[in-house]
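**Student:** With the sequences and hints as input, model every part of the structure.
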Amino acid sequence: MEHAKAALEAELRAVKLELEESRAAANGAEESLRSLSEAYNGLEAEVFRHEEENRFLRRRLETSGGDATNPNPNPNPTPAPTSEADLAAAREEGRRAAIAEMAGRIEEAEEAAAADVVAAEERGRRSAVAEFAAKLDTSGMDDDVGAVAAAREEGRREGAADLARVVEEKDAEAAEAAERAESELNDLLVCLGQEESKKEALLQRLIERHGEDEAELEELMDACVAEEDDDA
1 MEHAKAALEA
11 ELRAVKLELE
21 ESRAAANGAE
31 ESLRSLSEAY
41 NGLEAEVFRH
51 EEENRFLRRR
61 LETSGGDATN
71 PNPNPNPTPA
81 PTSEADLAAA
91 REEGRRAAIA
101 EMAGRIEEAE
111 EAAAADVVAA
121 EERGRRSAVA
131 EFAAKLDTSG
141 MDDDVGAVAA
151 AREEGRREGA
161 ADLARVVEEK
171 DAEAAEAAER
181 AESELNDLLV
191 CLGQEESKKE
201 ALLQRLIERH
211 GEDEAELEEL
221 MDACVAEEDD
231 DA
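full-length UniProt numbering numbers the first residue of the sequence shown as 1 and each following residue consecutively.
Incorrect hints may appear among the rest.
Stated by the list, open to error - Pairs of lysine to any residue residues, derived as SDA-like cross-links and limited to a Cα-Cα distance of at most 20 Å, are as follows: (1) Lys16 x Asp187; (2) Lys199 x Arg58; (3) Lys199 x Lys16; (4) Lys16 x Ala150; (5) Lys16 x Cys191; (6) Lys16 x Val118; (7) Lys198 x Asp187; (8) Lys16 x Ala119; (9) Lys198 x Lys16; (10) Lys16 x Glu208; (11) Lys16 x Ala161; (12) Lys198 x Glu182; (13) Lys16 x Arg156.
Think of the hints as simulated: they come from the structure by calculation, not from any bench.
**Tutor:** Next comes the structure, spelled out in structure tokens:
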């Protein structure tokens with residue numbers, strides 16, 4: 001009987017080791033998804049900053065245009081809302097909704113992966129113990145090392161197959177989530193490039209109209225954006 005107990009303990013240790021390796025792989029996938037989520041947040045903040053700068057430059061152009069054509073300008077002109085501004089706000093809202101949806105899907109995938117790993121661990125443990133007990137009961141020989149080894153191997157194979165299936169499913173889900181995340185990331189990069197181009201174009205128009213120094217305009221723009229952030 002001592003041989004059977006020792007074999008059972010050894011097999012349980014082997015199954016536990018396999019489960020720990022599977023959990024480590026799942027944790028690695030979760031860490032990759034978290035890194036992608038942080039990248040989205042950084043890009044979203046950068047796009048928002050550029051859009052704030054572009055709105056400021058548009059207001060400068062609208063205000064300066066009114067001063068050039070009106071001999072008695074209003075000392076506190078109110079820029080008229082433009083359809084372009086409405087479209088920009090709609091695009092920003094859409095991007096935020098898409099990022100929030102992606103973050104939710106990533107969180108759900110992480111929770112499902114963790115639950116599946118725990119369930120697979122429990123199934124593997126119970127399967128191994130049940131197989132060993134059944135083999136020992138039917139053999140009727142406490143010192144039959146061959147029967148114990150066969151039962152141990154059979155239980156190990158079944159537990160390993162179950163774990164492999166779960167890990168494969170989680171890897172496929174992680175790969176699909178990463179592909180969607182990469183697509184969202186590319187979209188954000190395109191938006192960022194567009195906002196950079198708009199900023200440069202608006203800044204050039206201000207320089208051509210007023211002949212101001214580019215460095216001074218940059219400082220003024222940064223100060224106004226910071227002031228708006230403080231008010232918000």
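**Student:** Please go over all the hints and tell whether each is borne out by the structure.
**Tutor:** To see whether the hints hold, each was checked on the structure:
1. A distance of roughly 43 Å separates the Cα atoms of Lys16 and Asp187; the hinted pair therefore is violated under the 20 Å criterion.
2. Taken as a hint, the Lys199 and Arg58 pair is honoured in the structure, with Cα atoms around 9 Å apart against an allowance of 20 Å.
3. About 57 Å separates the Cα atoms of Lys199 and Lys16, which puts this hinted pair outside 20 Å; it is violated.
4. For the given pair, Lys16 sits about 19 Å from Ala150 by alpha-carbon distance, which is consistent with the 20 Å threshold.
5. Restraint check for Lys16 and Cys191: the C-alpha separation of about 48 Å exceeds 20 Å, so the hint is violated.
6. For the proposed pair Lys16 and Val118, the alpha carbon gap of about 12 Å is at most 20 Å, so the pair holds.
7. Restraint check for Lys198 and Asp187: the C-alpha separation of about 17 Å stays at or below 20 Å, so the hint holds.
8. Using a Cα cut-off of 20 Å, the hinted pair Lys16 and Ala119 holds, with the two alpha carbons roughly 13 Å apart.
9. With a CA separation close to 57 Å, the supplied pair Lys198 and Lys16 exceeds the 20 Å bound.
10. The hinted pair formed by Lys16 and Glu208 fails the criterion: a straight-line CA distance of about 71 Å is larger than 20 Å.
11. This hinted pair checks out: Lys16 and Ala161 have alpha carbons roughly 14 Å apart, not beyond 20 Å.
12. The straight-line distance between the Cα atoms of Lys198 and Glu182 is roughly 25 Å, outside the 20 Å bound, and the hint therefore fails.
13. This hinted pair checks out: Lys16 and Arg156 have alpha carbons roughly 11 Å apart, not beyond 20 Å.
When the structure is compared with the earlier hints, violations turn up for hints 1, 3, 5, 9, 10, 12 and for no others.
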